[in-house]
Amino acid sequence: MTSAILKLRHYCAYQERCHSEVKYKCIELGLRGEEIDAAIADLISENFLNEERFARAFAGGKFRTKQWGRKKIKIELKQRQVSDYCIRKGMEEIDGDDYDKTLNSLAAKKYASLKGEQYLKRKYKTMQYLLQKGYEPELIQDVVEQIAKEPG
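The opening position of the sequence shown corresponds to residue 1 in full-length UniProt numbering, with each subsequent residue numbered one higher.
Because the hints were derived from the structure by calculation, they are not lab data.
Given the structure is predicted, the values throughout are model-derived calculations rather than measurements.
Glycine residues also receive a C-beta, built at the ideal position from the N, C-alpha and C atoms.
Keep in mind that a hint or two might mislead.
Stated by the list, open to error - Simulated crosslink set (PhoX-like; lysine-lysine; CA at most 20 Å straight-line):
id : residue 1 : residue 2
1  : K78       : K110
2  : K72       : K89
3  : K125      : K78
4  : K66       : K121
5  : K125      : K71
6  : K89       : K110
7  : K101      : K149
8  : K66       : K133
9  : K121      : K109
10 : K110      : K121
11 : K71       : K115
12 : K72       : K101
13 : K133      : K121
14 : K71       : K133
As the list claims (entries may be wrong) - Across the chosen pairs, the derived CB separations fall in these ranges:
id : residue 1 : residue 2 : range
15 : A38       : Q146      : 50 to 60 Å
16 : I27       : D95       : 32 to 42 Å
17 : K149      : Y24       : 47 to 57 Å
18 : D95       : R32       : 36 to 46 Å
19 : H10       : Q118      : 51 to 61 Å
20 : Q67       : G33       : 36 to 46 Å
I would like the entire structure built from these sequences, with the hints used as guidance.
Next comes the structure, spelled out in structure tokens:
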């Protein structure tokens, strides 16, 4: 078990992990049942594993690097079995002004890239792109309407 713990420490130190990722890694390393719970408890007590810290790093990172919207980030965190409390804490990492700027810039870029398309098709494709990125439909609607009204 000690070599497994060392491997798990390294695994958690390399990048932030959520509990479910660590649980899968434990199974991969041959730990079972109570051994997994004990290993996870050790990692938490030694501060190698912190789900709130993971949620904050994940949310901030996906927003800054991949420009994902809040909905997509929440879904991804839920799939990783992160608690609702930690998800809320993670969402605090996304600055409202930056979020709006990013949404506007993504929408403008996508809309401009569809210059040859018909007006409605252009709006539809831009909205679909932003929905796929995980932005909220009500925000997308307003932003795309604004961009579509602009001359050019």
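Results of checking the hints against the structure:
For the given pair, K78 sits about 28 Å from K110 by alpha-carbon distance, which is inconsistent with the 20 Å threshold. With a C-alpha separation of about 16 Å, the suggested pair K72 and K89 falls inside the 20 Å cut-off, and the hint holds. Taking the CA atoms of K125 and K78, the gap is about 27 Å. The hint is violated against a cut of 20 Å. Note on K66 and K121: the hinted pairing is violated, with a Cα-Cα distance of about 25 Å set against a maximum of 20 Å.
As the CA atoms of K125 and K71 are separated by approximately 19 Å, the hinted pair is consistent with the 20 Å bound. Between the alpha carbons of K89 and K110 the distance comes to roughly 30 Å, so the proposed pair goes past 20 Å and is violated. For the suggested pair K101 and K149, the alpha carbons sit about 18 Å apart, so the restraint of at most 20 Å is met. Our distance criterion of 20 Å between C-alpha atoms is met by K66 and K133, whose separation comes to about 9 Å.
A C-alpha spacing of about 15 Å is found between K121 and K109, which places the hinted pair at or below 20 Å, so the restraint holds. Distance check on the hinted pair: K110 and K121 sit about 12 Å apart at the alpha-carbon level, within 20 Å; holds. Annotation: proposed proximity of K71 to K115 is violated, straight-line Cα distance about 28 Å (limit 20 Å). Distance hint between K72 and K101 is fulfilled; the C-alpha atoms sit about 18 Å from each other, no more than 20 Å.
With a C-alpha separation of about 18 Å, the suggested pairing of K133 with K121 holds against the 20 Å cut-off. Taking the CA atoms of K71 and K133, the gap is about 8 Å. The hint holds against a cut of 20 Å. Range check, A38 to Q146: Cβ separation about 55 Å, and the 50 to 60 Å hint holds. Our hint of 32 to 42 Å for I27 and D95 holds, since their Cβ atoms are close to 37 Å apart.
Restraint check, K149 to Y24: a C-beta distance of roughly 49 Å satisfies the suggested window 47 to 57 Å. Taken as a hint, the range 36 to 46 Å holds for the pair D95 and R32, whose Cβ atoms sit roughly 43 Å apart. For the pair H10 and Q118, the supplied restraint of 51 to 61 Å holds, since their beta-carbon distance comes to about 55 Å. As the Cβ distance of Q67 to G33 is approximately 41 Å, the hint placing it in 36 to 46 Å holds.
This entry does not satisfy hints 1, 3, 4, 6 and 11, going by the numbered hints stated previously.
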